[in-house]
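Student: Chain by chain, the residues run as shown.
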Amino acid sequence: MSSIGPSLRARLSSTTAMVYGVLVVVIIVSVIIGATLGRNFFSQGNLTVLLTSTTVLGFVTIGQTLVILLGSLDLSVPFTVSISSVLAAGVMAGQPGNLLPGIITALAATTVIGLVNGLLVGLVKINGFIATLGVGLIVSGYLFTNYQGSTGKASPQLASLGDLTVGFVPVMTIVMALFFLAVVFFLTRTRTGMHTYAVGGDPAVARMSGVHNAVPIIVAHSLSGLFAGLAGLVIVARLGVGSPGVGTQGGYDLLSIAAVVLGGAVLAGGRGSLWGSLGGILIFACIDSVMGIMQLNPYLKDVVRGLVIIVAVAIYARRSVPVRISRFPASTVGSAASVKERDL
Amino acid sequence: MTAATSRYEAGRLPVARRTVRALATPGGAIYILLGVLLVLLFLYNPSLGESGQFMRFIGRTAPIAIVALGQYFVIVSGELDLSMGAVISAQVVLAGNLIGQHADRVLPVMVLMLVVGIVIGLLNGVLTTLFRVPSFIATLGTTLIVSGVTFYSTGGAPSGNPVDSFRAIGRAGIENVPLLGFVPYSVIILVVLVGVAIWLMRRPFGRLLLSVGDNQAATALTGASVWWLRTRGFILSSIASTIAAVILVGYAGVSPVVGQGYEFIAITAVVLGGVVLGGGRGWVLSAIAAAFALEVLFSLLDFVGVQSTWRPAVQGVIIVVALGAPLLRWHRGRRHSETTVAPSPSPGESVED
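Here the protein sequences come in this chain order: F and A.
FYI, in our numbering the residues of the first sequence are 1 to 344.
FYI, in our numbering the residues of the second sequence are 1001 to 1353.
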């Protein structure tokens, strides 16, 4: 383990360094645009808004990172976020005493959804894209049949927690940061975490090296469900109610995948890091924030987001070609035979 | 199939045995499923047998079948096209705003739509191949850009319908056809497109497209231009979206949300038809049969009285069961027998790793 440690870390830091380079550029551009419009990008109010908008996507992206690292995808997250919000708000029903039951119900349900994803991908071996799409559709059928509009009410403690800030940092963002660090520890310091990278890099090699491939797959998908559930709780804390459409409106499936890829992870799995994903989320948040300052038409925001995703990933793709480990010097196969996408 | 050499012997298996073998693969089983669902649909709704009714039903499902057809070319080459829904919406809005009530503009605007479709497909293809942006991300990016522009130009609200002579492509048809009664233009378009697709897949282009999906490195070494093959796949996909949009204007009218969700329905249909995500395997006709099977199932659910909100759940269950069941059987078979599994002669095999 120790022998591959440094090289792995070096590889990650080089990609991650590039992500944060992009982030710095985005921040500088944001500050300049803010200044020309007579607004301070680093004002406390703006930073609080920025961090608040980061939190929900942040939770989803932590889970999505785990799943993408092992070469799968989680397309069920928007529906998982929604079901967490309606279950939590429904059980709490505005009663202070129902805080814990509400949280536990929501998180248990979403973790089970993630577990089902994991079992389908890890044991039945259905392609992750298809399995999570299928499970997501099943959950969405349940959601829209049983809930027509906003339901339930957040318990008062949760609602007040949603507005609470320490300095300019919202409490929910601090909670997210703690979970983030825990998952960083899981990925870099535990056996299952390392196996996640191994399975993502090459499932066949991982299997032949004695890894039980199903274990990291099931764990990562379950955690993705759990984190989508936490994102749903943050939404309930902020809105005060649960809603069956809140996840789909947020577009959390595609945005979280985009954030992970913006963070330098390879969609095919095996390469990337949580720190990179954090950079990806912050890039998104800065762009959103500066577009808010510019009072850009909301539809044009999507155009800008699309451009940023494509350009950033195209830049990463150019850079990562020479970084690739070459086993055969003066390769005849070379660039033409670049890694075949396994899952997509 | 005892020895590996038997695949190369002059005499092939008899047609009957080959058919049975093909039906046992996911790409073949979809025809059985489609047949069963059709019988059920006729039992629940005998009026479908009346003159022209069944043709109208096929006409309604034509857009989805056409979109699945386009997605097939992308998936079989090992990529994904998530931009289909956004392209459909954009084209519908384009037609609605530019044609308006001027019948003489129909042809020029349709040419323009085709050009827009080709440009978007080219963009998707070039981003994926030459700029090495994974197709999932590249087409997601173009989706955001295309739908952002569409919504911005319309303000998000539905607008007026274009002139009736344009909408007729999607709504009208040929009356008093012997045997069939009424044949919608959309059915004719679909039949022609299916014919073109089968022809394309038998051409060197189609063969190479399959081989790129199966093994990119080997195909590159044979001298084929990998990036141009895949890019043509993306262009075909965008053209399919454009044609589906022309038909949808007739059915659904002009709104920036017309195309929403079509990309996932298309992917579902293609995968259900036994085409392997990751490319290299699958038959175009099976993908279209799967698109029909999905639509037949949905109307069946309507007749049985299932709430329409359960539709996505049913779609989800089908995806998971249809793709999970054969894999489970295969794993079990391998665990119990020591002998190696003979390679399946049909292209519909759905085992990936």
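A couple of the hints might just be wrong.
What follows is a set of in silico ranges between Cβ atoms, one per label pair, in the way DEER data are often shown [to be verified]:
id: 1; chain 1: A; residue 1: PHE1042; chain 2: F; residue 2: LEU296; range: 32 to 38 Å
id: 2; chain 1: F; residue 1: ILE28; chain 2: A; residue 2: GLY1195; range: 52 to 58 Å
id: 3; chain 1: A; residue 1: PRO1158; chain 2: F; residue 2: GLN44; range: 25 to 31 Å
id: 4; chain 1: F; residue 1: VAL166; chain 2: A; residue 2: LEU1221; range: 57 to 63 Å
id: 5; chain 1: F; residue 1: ARG191; chain 2: A; residue 2: VAL1191; range: 55 to 61 Å
id: 6; chain 1: A; residue 1: GLN1101; chain 2: F; residue 2: ASP202; range: 45 to 51 Å
The set of hints was computed from the structure by calculation and includes no laboratory data.
As the structure is a computational prediction, the values presented were derived from the model and not from experiment.
Even glycine gets a Cβ: it sits at the ideal position worked out from N, Cα and C.
Student: Does each hint hold? Answer for all of them.
Tutor: Each hint, compared with the structure:
no.: 1; hint: PHE1042/A with LEU296/F: 32 to 38 Å; result: violated (54 Å)
no.: 2; hint: ILE28/F with GLY1195/A: 52 to 58 Å; result: holds (56 Å)
no.: 3; hint: PRO1158/A with GLN44/F: 25 to 31 Å; result: violated (42 Å)
no.: 4; hint: VAL166/F with LEU1221/A: 57 to 63 Å; result: holds (60 Å)
no.: 5; hint: ARG191/F with VAL1191/A: 55 to 61 Å; result: holds (57 Å)
no.: 6; hint: GLN1101/A with ASP202/F: 45 to 51 Å; result: violated (60 Å)
Of the hints listed earlier, those the structure fails to meet are numbers 1, 3, 6, in rising order.
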